[in-house]
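Number of protein chains: 2
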Amino acid sequence: MEIKELGEFKLIERLTKDIKPSNPSTITGVGDDAAVLRHSDKEILVSSHLFMEGIQFDLTYIDMKHLAYKCAMVAMTNIFAMNGRPCQIVVSIGVGKRIKVIDLDQFYEGLRTACSKWNVDIVGGDTTSSYTGLAINITCIGECGKEDIVYRKGAQPTDIICVSGDLGAAYMGLQILEREKAVYYQQVEEFNKKLKQAHANNDKKRIELLNNERAIIDNFQPDFVGKEYLIDRQLKPEAPGEVLEQLRNANISPTSMIDVSDGLASDLKHICKESNVGCRIYEDKIPIDYQTATTCEEFNMNLTTAALNGGEDYELLFTIPIGDHAKVASLKNIHQIGYITESRLGEYLIARDGNEFQLTAQGWVE
Amino acid sequence: MEIKELGEFKLIERLTKDIKPSNPSTITGVGDDAAVLRHSDKEILVSSHLFMEGIQFDLTYIDMKHLAYKCAMVAMTNIFAMNGRPCQIVVSIGVGKRIKVIDLDQFYEGLRTACSKWNVDIVGGDTTSSYTGLAINITCIGECGKEDIVYRKGAQPTDIICVSGDLGAAYMGLQILEREKAVYYQQVEEFNKKLKQAHANNDKKRIELLNNERAIIDNFQPDFVGKEYLIDRQLKPEAPGEVLEQLRNANISPTSMIDVSDGLASDLKHICKESNVGCRIYEDKIPIDYQTATTCEEFNMNLTTAALNGGEDYELLFTIPIGDHAKVASLKNIHQIGYITESRLGEYLIARDGNEFQLTAQGWVE
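Sequence order for the protein chains is A and B. For the first sequence, full-length UniProt numbering begins at 1 and goes up steadily by one. For the second sequence, full-length UniProt numbering begins at 1 and goes up steadily by one.
Because the hints were derived from the structure by calculation, they are not lab data. Some hints could be false.
Copies of the same chain are indistinguishable here, so a pair counts whether it falls within one copy or spans any two.
As the list claims (entries may be wrong) - Calculated lysine-lysine pairs in the DSS-like style (CA-CA distance at most 25 Å, straight line):
1. LYS17 / LYS153
2. LYS65 / LYS4
3. LYS204 / LYS194
4. LYS17 / LYS273
5. LYS42 / LYS146
6. LYS17 / LYS100
7. LYS20 / LYS153
8. LYS20 / LYS146
9. LYS269 / LYS20
10. LYS285 / LYS269
11. LYS42 / LYS20
12. LYS181 / LYS65
Since we're looking at a predicted model, the values are computed, not measured.
Using the sequences provided together with the hints, build the complete structure.
What follows is the structure, encoded as structure tokens:
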């Protein structure tokens, strides 16, 4: 069904009818000029993310459900990165003519799946049309006890730098997706060339054969064998809420924290800048999955660069007092990769051979 | 300067360096993974708006500063429409290659101007590139005492329906802007035709004359004489915070409220639906400015339709108990336009001749 057949107000009604707030802090969700929330004895955390088609996502290889799931997880990750608990999201979406009602149904299904995972309520949003691509904005609202908030600015010299999970996998997943997309378009192009030639020769038998072949192209299956983890990390990232639980259970209070979205190098530099400190991280300590390593080799790419600058890992990068060294060592899935220094000592990676390389950040326009 | 010369992180630094939070509820603004707020003894209101180039705005006739001002005012209006006070905004912006650093400087100047008008802090956001047009999302966070929140759902039969300001002006402003844009493009087209002809004839004197004429086209001045109010209402809407002050001072508590963004008819229907009531409004009571009326005549458009369905008025539409009739009558700039009925009596406009017409809503896809 086309969106215009339904109309704006019926569309919003359809998309939001199943949404039942379950957080005590949600007083009123969707359906008025603003959501009404109450986080009386906590600080409120607010973070917003804009996802633009062709920049943050490509509808060639992500469907609307996964896209929504990813957008919601990314937005929640920012709240976790302050040591907070995500409670509500507000979702804006601008949709072009290609997008049908069923696509938005799937989008909201993805949102609901992501939200139910962390008991987050969808409390509002805005739906508009778009002349250009799809645009999605998610604002996530969370809460945290005043004393428990972890900023980027609290790192101290001698603190240990830790990172959860592993790095570079989402980036390598993207390389795989881009490669398979290129393979697909190449097949289409070659097919069209052959068909054109057959038509030019008026070779009816060949045309018939080719038309039978078309189904093969239409049912193109990308080759993800042995790359499943990478694809998952790219298309279905998970917000790192369990890492915080682990830390709380182990009675570890990070001194600074950020989520790894731009890449380890960029994000560590943010901590250093805000905390006015330097850092040393060890190349051989950076956690990397086996699939990431083999795929880097396959693509003839530098593994450390993928891990340092790939981005979209949505892991937590944090610092802990050196005294917590033993405590953190016992935690699964958390890796100690270096330490904080005084600011004047700069920000460096210590390579496997002992050489030091300055860390460089990469934003979206560099 | 191109944005890529500066890079993402320096760009964000440049845009946000002058931002100093001034609300006690803003604990930490821009610069971490999330803003930290504290609205301890109040309910929190959250509303989000997405503005897409070509849909909500046209850069042919609005500059970046005014665009930002308008977006911020629209977002704040939603908080006022709950009887709240806007306190913070979070701004996401997706920018294409056309947008330079100076454009973003101006955008942030517009945001700051709008925010300082209502003592609102800019506490965060997201900046990304865009392959397509400009996309802007503003989330506004406000506060309100629990007992003071006015929802859409509180209207009761016999309540009086009130609206602030006047209606239809922003819509007619848009018609003027569209007309002047068309005039401009027509001039450009005719000029290009003449120039092409002169080149075809190799008429050097004529080419020289035409090249002198080009400056006239380049300095095209749209004709807004006598339409200044309409243009202002379209390009520089103001959030209706003063209306709430008036009501508070007069000790009037609205039973329901909404902002007029989609048009009086749509928005009144929202109140009726949420409150499960009907309504009667009088055509001759709808407040309309003189410029709106004359311009409607000029464009041969129906004045009541412009006022009912034009939208973008950003006024407050609210209901008050019938006992407050006299109180509200003394207030400048607030108009009593009808009354609430039982649901079964439907939603009608009573025309000047006494005929009743059913109110119909218009969303963006109808």
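Status of each hint after checking the structure:
1. LYS17 / LYS153: Between. Shortest inter-copy distance 17 Å satisfies the 25 Å Cα cut-off; intra-copy 42 Å does not.
2. LYS65 / LYS4: within (21 Å within a copy, 32 Å between copies)
3. LYS204 / LYS194: within (13 Å within a copy, 52 Å between copies)
4. LYS17 / LYS273: between (45 Å within a copy, 15 Å between copies)
5. LYS42 / LYS146: Cα proximity of LYS42 and LYS146: in one copy and across copies (6 Å, 17 Å).
6. LYS17 / LYS100: For LYS17 and LYS100, the Cα distance is within 25 Å only inside one copy (18 Å; across copies 42 Å).
7. LYS20 / LYS153: between (37 Å within a copy, 18 Å between copies)
8. LYS20 / LYS146: between (28 Å within a copy, 21 Å between copies)
9. LYS269 / LYS20: For LYS269 and LYS20, the Cα distance is within 25 Å only across copies (24 Å; inside one copy 40 Å).
10. LYS285 / LYS269: within (18 Å within a copy, 62 Å between copies)
11. LYS42 / LYS20: both (23 Å within a copy, 23 Å between copies)
12. LYS181 / LYS65: For LYS181 and LYS65, the Cα distance is within 25 Å only inside one copy (20 Å; across copies 40 Å).
No hint from the list above goes unmet by this structure.
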